[in-house]
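Number of protein chains: 2
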Amino acid sequence: MRLSELSRAAGLSPTTVKWYLRIGLLHRGQPTAVNQARYDDSHLRRLRLIRALIEVGGLSTDEVGDLIAAIDDPHRSIQNILAHAHRASAASAGTKAAASAAPIDDYIRHRGWRVRADSPARRDLAAVLDAIAALRPQPASGAAGVSAEVTTPDTTTPDAVYSLLDPYADAVEPLAAAEIANTPADLPRDLLVERVVAGTILLERAIAALRRLAQEHHATKRYGDPKAPADTP
Amino acid sequence: MRLSELSRAAGLSPTTVKWYLRIGLLHRGQPTAVNQARYDDSHLRRLRLIRALIEVGGLSTDEVGDLIAAIDDPHRSIQNILAHAHRASAASAGTKAAASAAPIDDYIRHRGWRVRADSPARRDLAAVLDAIAALRPQPASGAAGVSAEVTTPDTTTPDAVYSLLDPYADAVEPLAAAEIANTPADLPRDLLVERVVAGTILLERAIAALRRLAQEHHATKRYGDPKAPADTP
Numbered sequence: 001m002r003l004s005e006l007s008r009a010a011g012l013s014p015t016t017v018k019w020y021l022r023i024g025l026l027h028r029g030q031p032t033a034v035n036q037a038r039y040d041d042s043h044l045r046r047l048r049l050i051r052a053l054i055e056v057g058g059l060s061t062d063e064v065g066d067l068i069a070a071i072d073d074p075h076r077s078i079q080n081i082l083a084h085a086h087r088a089s090a091a092s093a094g095t096k097a098a099a100s101a102a103p104i105d106d107y108i109r110h111r112g113w114r115v116r117a118d119s120p121a122r123r124d125l126a127a128v129l130d131a132i133a134a135l136r137p138q139p140a141s142g143a144a145g146v147s148a149e150v151t152t153p154d155t156t157t158p159d160a161v162y163s164l165l166d167p168y169a170d171a172v173e174p175l176a177a178a179e180i181a182n183t184p185a186d187l188p189r190d191l192l193v194e195r196v197v198a199g200t201i202l203l204e205r206a207i208a209a210l211r212r213l214a215q216e217h218h219a220t221k222r223y224g225d226p227k228a229p230a231d232t233p
Numbered sequence: 001m002r003l004s005e006l007s008r009a010a011g012l013s014p015t016t017v018k019w020y021l022r023i024g025l026l027h028r029g030q031p032t033a034v035n036q037a038r039y040d041d042s043h044l045r046r047l048r049l050i051r052a053l054i055e056v057g058g059l060s061t062d063e064v065g066d067l068i069a070a071i072d073d074p075h076r077s078i079q080n081i082l083a084h085a086h087r088a089s090a091a092s093a094g095t096k097a098a099a100s101a102a103p104i105d106d107y108i109r110h111r112g113w114r115v116r117a118d119s120p121a122r123r124d125l126a127a128v129l130d131a132i133a134a135l136r137p138q139p140a141s142g143a144a145g146v147s148a149e150v151t152t153p154d155t156t157t158p159d160a161v162y163s164l165l166d167p168y169a170d171a172v173e174p175l176a177a178a179e180i181a182n183t184p185a186d187l188p189r190d191l192l193v194e195r196v197v198a199g200t201i202l203l204e205r206a207i208a209a210l211r212r213l214a215q216e217h218h219a220t221k222r223y224g225d226p227k228a229p230a231d232t233p
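Order-wise, the sequence lines are chains A and B.
First residue of the first sequence? That's 1 in full-length UniProt numbering, and the numbers climb one at a time after it.
First residue of the second sequence? That's 1 in full-length UniProt numbering, and the numbers climb one at a time after it.
Take every hint as true, because none was put in to throw you off.
Simulated restraints, written as ranges between beta carbons of each label pair:
| # | chain 1 | residue 1 | chain 2 | residue 2 | range |
| --- | --- | --- | --- | --- | --- |
| 1 | A | Gly224 | B | Asp154 | 33 to 43 angstroms |
| 2 | B | Ala101 | A | Tyr223 | 17 to 27 angstroms |
| 3 | A | Thr61 | B | Asp105 | 30 to 40 angstroms |
| 4 | B | Asp154 | A | Ala37 | 24 to 34 angstroms |
| 5 | A | Gly224 | B | Asp105 | 17 to 27 angstroms |
| 6 | B | Pro174 | A | His110 | 14 to 24 angstroms |
| 7 | B | Pro74 | A | Arg222 | 13 to 23 angstroms |
| 8 | A | Asp73 | B | Ala181 | 42 to 52 angstroms |
The following residues of chain B were derived to be distant from chain A, with all beta-carbon distances above 10 angstroms:
| # | residue |
| --- | --- |
| 9 | Thr16 |
| 10 | Pro31 |
| 11 | Ala33 |
| 12 | Val34 |
| 13 | Arg38 |
| 14 | Ala160 |
Derived from the structure by calculation, the hints contain no laboratory data.
For every residue, glycine included, the Cβ atom is placed at its ideal position computed from N, Cα and C.
Using the sequences and the accompanying hints, generate a full structural model.
Here it is, written out as structure tokens:
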């Protein structure tokens, strides 16, 4: 197909597709004339992957570029690409805080997980624990006589971290195990990679959305049905 | 405390704190002299909340501003603030795609959930389903003889959507129910609000990080331990 047809099929403007070609996110087509090329199904699939990563995954074009480079390198292992997908996804969560690593090292031992020392998910989790600890009222301040226990989860001891995180880890670990187990190892590499990337980044958004819908449902059950629209007092 | 002490305690530069005062993210201190004011624990707590939302939650200062305005409005219900936290969090996921709503309406009926028609989580979930559908190879293209079933999840029928999403919804719904049930209703409002916001946005990052760690662990179990660092082929 021609560039105009490719753009239309991918739901993108020709300008955007030309830009992706220029910066190397999309591989070149088969030249047919000066300034003309023919594109095939592999181009359409790649554009749909890029669109999903940017529009749903929230990645920047730079992050997508790094991930595409890993995908296109035939020497990369599937785990290496998974690590890249994790890194792109973690960076987009905006985790810039220098976070304390020791409680996370302990927690990963507690779960019996084998994960790389430089996994970005460690840093993400450490940043969350640090943020929760910072929000917890100091005992000295005594915040209007309210004890800290009822307001912000305790993260000051290993046991407190286990109590906070274990229900979440227990819920997601069987899902993650099934995701890995259900990936057919004999797929052609490009399809395998798409599946891993889609499974990692897109389903992460789905899980977050499902949790928010369930929170809203249970809040409505507890506090009643708010008749007024959300922006009316 | 003075502005310099407040900044140090919050781990922010005085310039940043002054900027938050100027744009109204942080409430003014008690004036003590021309160009001097005294700040208290409420300022420190607010700065820590802002920092957590920006650095860990990945929200923009505009999104934090909207959320703070909702928090500071004494007429807002807890559900209304939850809705604002959801909206801020969803917008930061970069969901701009026009997504089809019908499969999500059906799925929410299937779960028996009562959620508002304008919940941003609906749009997030619809965008994920659309992206997965776009990545699925067309039967006509026949992608090297590989059947579509083994590559990308099916989302073309209600039953296929249930099969894809139910394991995730089953895993997160009890957690969401416990989060709502464990929120003490008689807390002072500012602490209640912090807890809801922290529970919604920070734990969402924690869940994503735990899933990625568990994925990495199970990938290592399946494919072996990659000795080489992630960036070496």
